[in-house]
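> Use the sequences and the hints to build the structure in full.
Numbering of the sequence shown is given in this note's numbering, commencing with residue 28 and proceeding in unit increments.
Don't read these hints as lab results, they were simulated from the structure.
Possibly wrong hints are sitting among the right ones.
Between beta-carbon pairs, the in silico distance windows are [to be verified]:
#, residue 1, residue 2, range
1, 120, 44, 38 to 44 Å
2, 100, 35, 23 to 29 Å
3, 70, 124, 19 to 25 Å
4, 96, 42, 28 to 34 Å
5, 41, 121, 35 to 41 Å
6, 119, 70, 27 to 33 Å
7, 100, 121, 24 to 30 Å
8, 31, 118, 18 to 24 Å
Below, a list of computed lysine-lysine pairs in the DSS-like style, where the Cα atoms sit at most 25 Å apart [unchecked claim]:
#, residue 1, residue 2
9, 128, 109
10, 85, 120
11, 109, 120
12, 118, 85
Backbone N, C-alpha and C fix where the C-beta goes; we use that ideal spot for every residue, glycine too.
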Amino acid sequence: TIGVEVHPLDFHTNCGKIRFYCWDTAGQEKFGGLRDGYYIHGQCAIIMFDVTARLTYKNVPTWHRDLCRVCENIPIVLCGNKVDVKNRQVKAKQVTFHRKKNL
28 TIGVEVHPLD FHTNCGKIRF YCWDTAGQEK FGGLRDGYYI HGQCAIIMFD VTARLTYKNV
88 PTWHRDLCRV CENIPIVLCG NKVDVKNRQV KAKQVTFHRK KNL
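Now the structure itself:
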């Protein structure tokens, strides 16, 4: 992702249709200055990291800190991506950040 991509997702529930806007922000540091602007008015977040790239997991605390600074008290979920790939660099037992922050 370069910058941001916005994907509207529609869910049909017993309370009616809900539209969820998923903002896919760039994880690369060169786009870091833009992320805060994308977080404004966020109501929840999914922090994604790539289990085949250790650096993405090392960035999780920074992304979490920035989200908490801009969007106070929103629900945040931590999710590892590409778990089906064999050359995994981040093992499940190494993923501990969520325990420290109740994610």
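> Work down the list of hints and note, for each, if the structure agrees.
Hint by hint, here is what the structure shows:
1. Look at residue 120 against residue 44: about 40 Å separates their beta carbons, and that is inside 38 to 44 Å.
2. Between residue 100 and residue 35, the C-beta spacing of about 25 Å keeps the proposed range 23 to 29 Å intact.
3. Checked against the hint of 19 to 25 Å, the pair residue 70 and residue 124 passes, with Cβ atoms roughly 22 Å apart.
4. About 32 Å separates the C-beta atoms of residue 96 and residue 42, a value consistent with the hinted range of 28 to 34 Å.
5. The beta-carbon spacing between residue 41 and residue 121, approximately 39 Å, falls within the hinted interval of 35 to 41 Å.
6. At about 29 Å, the CB distance of residue 119 to residue 70 agrees with the hint of 27 to 33 Å.
7. About 28 Å separates the C-beta atoms of residue 100 and residue 121, a value consistent with the hinted range of 24 to 30 Å.
8. One distance hint, 18 to 24 Å for the beta-carbon pair residue 31 and residue 118, is violated here, with the actual separation near 30 Å.
9. With a CA separation close to 23 Å, the supplied pair residue 128 and residue 109 stays within the 25 Å bound.
10. Restraint check: the Cα-Cα separation between residue 85 and residue 120 comes to about 15 Å, which is no more than 25 Å; the hinted pair holds.
11. Between residue 109 and residue 120 the alpha-carbon distance is near 16 Å, which keeps this suggested pair within the 25 Å criterion.
12. Between residue 118 and residue 85 the CA atoms are separated by roughly 13 Å; this keeps the pair inside 25 Å, and the hint holds.
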